[in-house]
Amino acid sequence: MNDVSRDTMLLTTPFHSRVEAMCDLNDWGNWMGYTTPNAYFDIELEYFAVRSTTGVFDLSPMNKYRVTGPDAQRYLDRLITRDVSKIGVDRVGYAIWCDDNGQVMDDGTIFRLGEQDYRICSYQRADDWLAWNTLGFDVTIENESEAIAGLAVQGPTSCTVLTLLGCTDLNQLKPFGIAHYSFEGRPLMVSRTGFTGDLGYEVWVPPESAEALWDQLFELGRDYLIKPIGSYALELARIEAGFLQANVDFMPAEEVVRVGRTRSPFELGLGWLVDFKKPLFNGRSALLKEQEKGSRYRFAMLDVEGNKPAEHSFILKGDKQVGTVTSAAWCPTAKANVAYAQIEMPHGAVGDELVAEIYYQRELHWTRLLAPCKVIDAPIFKSPKRWQTPAPPH
Amino acid sequence: MTDYDAIIIGAGHNGLICASYLAKAGKNVLVLDARGEPGGCASTREFAPGHHVSDCAQWLSQFDQSIVKDLDLKAAGLKLGKPKTTISLQSDGDHLVVDGDTISGAGVDSADQAAYRDFKKMVRSFAKLMTTLYRSRPPKLVEQNWTDRLTLMKLGLSLKLLGRERLRDLMRIVMINIYDVMNEHFSHAALKSTIALDAVTGTNMGPRSPNTVYSYLHRATGEHLGQTGTAQVLGGMGAFGQSLATAAEKCGAKIQLGSSVTAIVKTDDRVTGVTLDSGEQISAKLVISSADPSTTFRRLLGYHQMEAGMAKRVECYRSRSGTAKLHLALSGLPSFTGLSEGQLTERLVITPPMDGMETALNPMKYRELSDLHIFDISIPTIEDPGLAPQGQHSLTAIVHYVPYAPDIGWEAGKPQLINQLISELEVYAPGIGALVTTSELVVPSDFEASHGMTGGSWHHGELSIDQALMMRPFPGSTQYATAVEGLYLCGAGAHPGGGLQGLPGRNAAKEILKRGAL
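Sequence lines, in order, name chains L and U.
Letter 317 of the first sequence, counting from 1, is numbered 317 in the numbering used here, and no numbers are missing.
For the numbering used here, count along the second sequence from 1 and bump the result up by 394.
Don't read these hints as lab results, they were simulated from the structure.
For each residue, glycine too, the CB sits at the ideal point set by N, CA and C.
One or more hints might be untrue.
Derived EDC-like pairs (lysine to aspartate or glutamate); straight-line CA-CA distance at most 20 Å [as the list claims (entries may be wrong)]: (1) 644(U) to 464(U); (2) 706(U) to 255(L); (3) 908(U) to 399(U); (4) 289(L) to 662(U); (5) 374(L) to 353(L); (6) 706(U) to 319(L); (7) 278(L) to 663(U); (8) 293(L) to 344(L); (9) 808(U) to 840(U); (10) 382(L) to 235(L); (11) 86(L) to 662(U); (12) 278(L) to 464(U); (13) 706(U) to 71(L); (14) 277(L) to 662(U); (15) 277(L) to 879(U); (16) 335(L) to 303(L); (17) 277(L) to 464(U); (18) 706(U) to 254(L); (19) 476(U) to 778(U); (20) 374(L) to 303(L); (21) 706(U) to 127(L); (22) 278(L) to 662(U); (23) 908(U) to 464(U); (24) 759(U) to 842(U); (25) 289(L) to 663(U); (26) 293(L) to 879(U); (27) 706(U) to 128(L); (28) 706(U) to 99(L); (29) 706(U) to 77(L); (30) 289(L) to 879(U).
The following residues of chain L were derived to be distant from chain U, with all beta-carbon distances above 10 Å [said to hold, decoys possible]: (31) 147; (32) 366; (33) 390.
Whole structure, please, built from the sequences with the hints as guidance.
Shown next, in the form of structure tokens:
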């Protein structure tokens, strides 16, 4: 091997030197082209840091697009399914966007930074779609993914740690609120958002501040048992908290090549994000038709009996296969066996009793388990701390 | 309560035909047009004192005769001249004459004569099939309903009736180019290029471009639509437009000329009317646009009023043309080497051999002027002397290939190109330059400005398989309805496409009535 350009290999985030130093397990994954740790030292302990103290997750690989210009709000209103005008300045909104067929392309968060100044934070690269959407609108789209480094700082002690860092009165920040600070002479933005369902924040800084931010956070947070967490622990937390993951729980519409593999917001349980009062948004006509004719699938959260995660399971109603599981985990805090499933209509309504066909292996011995399960109406993990303002002391 | 049942944008032939059928069905229809006279591309204009020319379309060759009957256009004043013979001019004066299925002159041999008869027979069978499709709304393949299934069944039956060999031929050639097909059938260079001319006229394509077989077959449907050969309209094309307007008014439609629609009005999630340049707003249950898709969706509706995938489709819709018109006012009748005076009234074409046609296309692609052109000439004043002062004549020619916007600009480019074109004509008609009293070149961008056709495209968008049938103008806005509630298409940008055919207007009206949209 000689002279292979590192630019063509997996990229590293601005926190990489620090992440690498703490990644005891040396267990790495590829997240959208970036080298990111699957786990640092122990998946369960990392998970419990999020639930009991503070867990820090490097989310720099998320795609960030700045939307500015006189038509910024109108542009976003056509792009996403919910009413953008309801997101105030210094507020964040969870959003999904669809293609013209009303099929979900991605989900993400919309940060409103000014009157006509927004940032879209998305899982997928969206340069092409966002550019096509500018036709007819006076807006500028800038991909600032590499200009912003981000850390999710999540858990019951997160507010305390960030306050020690200099985020004064952070406990007054409401869920989905944004606060601005400075850190070593550079801007630092905090949003009360996250993917864990508990009290938590996301911290955004220029890449130049990244290493210092990491160092100070871990220094100040030592007494509050701050730990880095990898993607496996986050996966556990988000399933417990009821969050969907693109490419796992649904296929981004643009990536799908096979007919019928895309999903609409209604089919993902995200109908609450669709605002038909808006006269125009991408996918509106198709979704109206779907509402009239009925959906093909229903998103169901299942409480599965037993403790074997129903990963990749078929879901049965009697002898008939009516669905498949997209995400599943034994959730340690809720002490419940949770699965997300795509269920063919008309099955899967809340309370519906189904069976998960689970296969698991112990020492090369496969066992088939038919675990009864029930469709539940809300995420199994509900932390009041997530919604409390001021943020509760620990 | 709306002002009208339907507002039709554009009093071109399709707009007027659509209006007539709707009005005949008792609907309250208003037709709006920016121009001062009806007809759209079927227009006549005085370009020099006393010289009136059909300043856009000059031939009627594929107009659906059922429309002539339904709307009684003869009573409304439509008069056609005699069907024309096509004479392909050769520099030595020994011209190739194409008269129906018979070809003669220019040393064409009996093998090519026989091959031409066979070729015509084949084309006729394919064109018949296409006519079946053209006379109905294009069937959707995926979400079939009974109407579409019936059309597909008819199509399937017609395909079956073609016979195994013909079907194989159709499948083989329909996606390829006219250049290869000509070489396969004929050996005579002028014969090949004369036929190839019909495949490229009004398009942005050369004989070797894919889709030129399809565009050729599109023109060949004329015979099945009931029209016998190419003809000129007496009184100029404007008289054709006028007859359609008379018929439409007789059916009960209202036509308001000199009223330019500046915007299609959308209220909440549906189209509810239009705004005029006067600022006046007129409301209707439906707005039916005979303007081209780019004009309709981009300029009048606006990208911000549609879903993004549709905006992308409109933006990617190909709507360019390399076709210009040359108008010459002549102080007397020109003489062409090897042509009798009587033959001057026929359709005269000048085409280099096919490789030359392809070469002529190249400069256009790079925004340059060519020194080689293809002409489709009419001297209308012989059959219709009233179009010019006594003893004088006009020559109008469809000319390929002319760039949309040459790098040297049209101010410098036009005089240069007019001289070039006249010098090319001199080869066949020595002394014609001396007869020219006024000359005018109408380039694609002029057509865009005068007739509102984006890119100057006569077909309201390139006529190619990917923009045809159930994909015309683009998926999501087919079968005359568009993805926007309350907005329909009835122009050449809708199935079956361009040319003075009248079917988009007729089919759109039938579809709208059948759907009960009004």
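Hint numbers the structure violates, sorted upward?
6, 12, 17
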